[in-house]
Amino acid sequence: MSTKKPRVAIHSITGCAGCQLTFYFIKDRLLDFLGAIDLVAAPMIKGKNDLDGKYDVCFVEGSVSSERDLEHLKKWREQSKILVALGTCATHANVQGIKNFREAKKVQEYVYGKEAKNMEGELKPVAPTPLDAHVKIDYKISGCPPEEVEILRFCKDYLMGLDPRIYNEPVCVECTKREIKCLLEDGKECMGPLIRGGCNALCPGVGHGCTGCHGPIPEGNIPQTITLLKANGIPLHLINQRMQKYAGLEFEKLGAAIKSEVESDE
Amino acid sequence: MGKLLKKSAANDFFRSLQKKGSLYAPVSTDMVRFQHIKTPEALRSIDFDGHAFFPPKKYLLPNEEELFTIKQGKLQDTNQSLPPQFVVNVRLCDLNAIAILDKLYLDPDYPDPYYKAKRDATTFIGINCKREIDEYCFCGSMDLQRAYDLLLDDRGEHYYIDVRSDKGMALVKELPDAPEQQDPTLPKTSKVLDQKDLHQFFADKWWEGDNELCVSCQRCTALCPTCFCFDVKDDMDLNLQDGKRLRTIDSCHSADFTTVAGDHTFRSSRLQRYRHRVMHKLQYYKDTFERSMCTGCGRCIRYCHSKIDFVKTINEDFK
Chain S
247 MSTKKPRVAI HSITGCAGCQ LTFYFIKDRL LDFLGAIDLV AAPMIKGKND LDGKYDVCFV
307 EGSVSSERDL EHLKKWREQS KILVALGTCA THANVQGIKN FREAKKVQEY VYGKEAKNME
367 GELKPVAPTP LDAHVKIDYK ISGCPPEEVE ILRFCKDYLM GLDPRIYNEP VCVECTKREI
427 KCLLEDGKEC MGPLIRGGCN ALCPGVGHGC TGCHGPIPEG NIPQTITLLK ANGIPLHLIN
487 QRMQKYAGLE FEKLGAAIKS EVESDE
Chain G
1460 MGKLLKKSAA NDFFRSLQKK GSLYAPVSTD MVRFQHIKTP EALRSIDFDG HAFFPPKKYL
1520 LPNEEELFTI KQGKLQDTNQ SLPPQFVVNV RLCDLNAIAI LDKLYLDPDY PDPYYKAKRD
1580 ATTFIGINCK REIDEYCFCG SMDLQRAYDL LLDDRGEHYY IDVRSDKGMA LVKELPDAPE
1640 QQDPTLPKTS KVLDQKDLHQ FFADKWWEGD NELCVSCQRC TALCPTCFCF DVKDDMDLNL
1700 QDGKRLRTID SCHSADFTTV AGDHTFRSSR LQRYRHRVMH KLQYYKDTFE RSMCTGCGRC
1760 IRYCHSKIDF VKTINEDFK
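Residue numbers (this note's numbering), protein chains in the order written: chain S, 247 to 512; chain G, 1460 to 1778.
No lab work stands behind these hints: they were computed from the structure. These figures come from a predicted structure and were not determined experimentally. Where a beta carbon is used, it is the ideal one built from N, C-alpha and C, also for glycine.
List time: in silico DSS-like cross-link candidates among lysine-lysine, alpha-carbon distance up to 27 angstroms:
id : chain 1 : residue 1 : chain 2 : residue 2
1  : G       : Lys1703   : S       : Lys273
2  : G       : Lys1771   : S       : Lys476
3  : S       : Lys327    : S       : Lys292
4  : G       : Lys1766   : S       : Lys476
5  : G       : Lys1497   : S       : Lys427
6  : S       : Lys251    : G       : Lys1533
7  : G       : Lys1589   : G       : Lys1517
8  : G       : Lys1703   : S       : Lys251
9  : S       : Lys327    : G       : Lys1692
10 : S       : Lys250    : G       : Lys1533
11 : S       : Lys273    : G       : Lys1692
12 : G       : Lys1479   : G       : Lys1577
13 : S       : Lys427    : G       : Lys1650
14 : G       : Lys1650   : G       : Lys1766
15 : G       : Lys1692   : S       : Lys250
16 : G       : Lys1465   : G       : Lys1647
17 : S       : Lys363    : S       : Lys352
18 : S       : Lys427    : S       : Lys491
19 : S       : Lys273    : G       : Lys1530
20 : G       : Lys1517   : G       : Lys1577
21 : G       : Lys1530   : S       : Lys250
22 : G       : Lys1517   : S       : Lys427
23 : S       : Lys250    : G       : Lys1703
24 : S       : Lys321    : S       : Lys300
25 : G       : Lys1632   : G       : Lys1479
26 : G       : Lys1466   : G       : Lys1626
27 : G       : Lys1771   : S       : Lys427
28 : S       : Lys427    : G       : Lys1766
29 : S       : Lys251    : G       : Lys1692
30 : G       : Lys1530   : S       : Lys251
31 : S       : Lys505    : S       : Lys491
32 : G       : Lys1562   : G       : Lys1647
33 : G       : Lys1766   : S       : Lys434
34 : S       : Lys427    : G       : Lys1589
35 : G       : Lys1497   : G       : Lys1478
36 : S       : Lys370    : S       : Lys321
What the simulated footprint calls covered on chain G by chain S, stretch by stretch (three residues with Cβ under 8 angstroms from a Cβ of chain S suffice, anywhere in the stretch; the number is not a length):
id : stretch
37 : 1662 to 1673
38 : 1678 to 1688
39 : 1694 to 1700
40 : 1708 to 1715
Please put together the full structure from these sequences, using the hints given.
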């Protein structure tokens, strides 16, 4: 590892900016972090930013939801040695990705009303997609927002010169280790078996079923989990909505038939 | 050798342990869990009837343990010595599981110092099952031994305390001797696992049905009283000069578990991983140590999301 500090950028496209905030809220470690890197671009918190130089690591939050987003993303990709998709918008298109399963015009009318004009504007909206639909992504840290510990673990691994390890086990693993009474076993709704953990079972720990904000693990058993949820009285259209909510496109890639179900429900 | 403990005086006995060290016991709330019994008042909450969700292996193999620290780039051993701890009301299946872990971690040639420090500080005190806890127990078919220091056996007004070691005797020497030695009856269960050579049933077809139900949640391995696989990780501070090395429990059901350098994965499919757990538990360990690694506690079936019952599959379908 060279002694030169890595040039890091934190950039944003369409999303709520909560992922960046998680970065800046790493509290007592923030000054250590800023001391270990050279934060050359972070428009949310810095006045002067190097928008055109080279980056060693570039974190991007948000999904590609407009043509302008895509222009930015392609530029950042060219500028960066390592491009990290930060948060579920960047990794899975997140809530705005629900648009992929609805008629665009209907969505617009639902949000802005039938009388709304000039909706195209200069942004030129496109169907929301995760970053890796457009450019090569080196690492993905999902989460809505991503976990502080996962961001820190990534940064520390990178600074040590290691290949950063991304936690890849279902929510059930941490839930069981915490000795939380299983919500599925209790006849309730929980997406835990399908969803990537790393959150230390935050929601099941307070009695709320996992809704899936980290997106699916590649190894999940979708048909059997649906069978278990249905056995608990959860209707299929609700299960499909849960899969659509954060990561519908990824669930489709993994073989879940969620689009047709929703359309037939409407 | 046996001692007698009046049931009404059980808490006095546990209180005497509290004075000697930390006391851990099952407590029943929404589930039965082993918990730290910190105060004399908390003794009242100790459970005598249930089967703990998470096995007591957690006192020897915690989810995460520190192996050593790094200070300014130099290694420093973590002090592994512990004050005495007593884990009480442990079921015979879990006591036998500790004996199996001992065999692995206290191997005379390669003892594990982190495990040994905890094991030396810990005394497990058993309680005999009057009847099978539920329909998932199959310990009656798993060749359980009287492998413990002390075991409480319900004899109506009294507990007969079966004493099997000097370590155990030191804790009960004040109690009156039982008039005669009566070995506690080993539990019987209506569910039994037929002992078969599983090598001949290795082909995929034997496992496909159960595998379709498996959601890879890893609850079976986390909750198994003898599953011991671990991962080792470094957790450095951002200054990269200070940090610690951690050992964390892992699972053969994880896709990452057999992924090695160069990204090769030895067991890439869920079926291979599912089969490996059962084969290791029931066959591979037996091939080396002449007994099954399973003690029939039933947790991997009881708490399986899909209630996959490998006992039933082996008994009925493997022929």
